[in-house]
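Let the hints inform the model, and build the full structure from the sequences given.
The sequence shown begins at 324 in our numbering and counts up by one.
Honestly, the hints are just simulated from the structure, not real lab data.
Quantities reported herein were computed from a predicted structural model and do not represent experimental measurements.
Please note that a few of the clues may not be correct.
Distance condition first, Cα-Cα at most 27 Å in a straight line; then the derived BS3-like pairs of lysine-lysine [said to hold, decoys possible]:
id, residue 1, residue 2
1, K352, K329
2, K363, K352
3, K425, K329
4, K412, K329
5, K412, K425
Label pairs and their calculated CB-CB ranges [said to hold, decoys possible]:
id, residue 1, residue 2, range
6, I385, D334, 22 to 30 Å
7, D361, N333, 44 to 52 Å
8, T408, F365, 30 to 38 Å
Quick reminder that beta carbons are idealized off the backbone N, C-alpha and C, glycines included.
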Amino acid sequence: MYGSVKLASNDPFSAPIIDPGYVAIELDKACLRDSVEDTKHFVPGSAWEDYVLGPYDDTATITDEETDTHVRELATVLFHPVNTTSMTKARALWGVITPDLKLQAHS
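Have a look at this one:
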């Protein structure tokens, strides 16, 4: 499953409905889980002692499933979501943008 962007209404100034599809596939889960583990080893390092203001939750005994849930609930973008899209060849069945910069119909 991938994320999606859908129109919320016919109003061009209306914000779209964005589902980023975070943690939707096993690779997402594994990468984010590894990031959490790396952070647990990285942050306590002496180089960060002046920046870490206090203890954070004890995650030493957290399960992979609990980590996945935690990441799914907290994953977000900081400023605004951006992405890249592929431009198709003329009359191709793949891609998002046609060579004349029009949105190709996809469901």
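Consistency of the hints with the structure:
{"no.": "1", "hint": "K352 x K329", "in the structure": "holds (24 Å)"}
{"no.": "2", "hint": "K363 x K352", "in the structure": "holds (17 Å)"}
{"no.": "3", "hint": "K425 x K329", "in the structure": "holds (16 Å)"}
{"no.": "4", "hint": "K412 x K329", "in the structure": "holds (24 Å)"}
{"no.": "5", "hint": "K412 x K425", "in the structure": "holds (12 Å)"}
{"no.": "6", "hint": "I385 x D334: 22 to 30 Å", "in the structure": "violated (43 Å)"}
{"no.": "7", "hint": "D361 x N333: 44 to 52 Å", "in the structure": "holds (45 Å)"}
{"no.": "8", "hint": "T408 x F365: 30 to 38 Å", "in the structure": "holds (33 Å)"}
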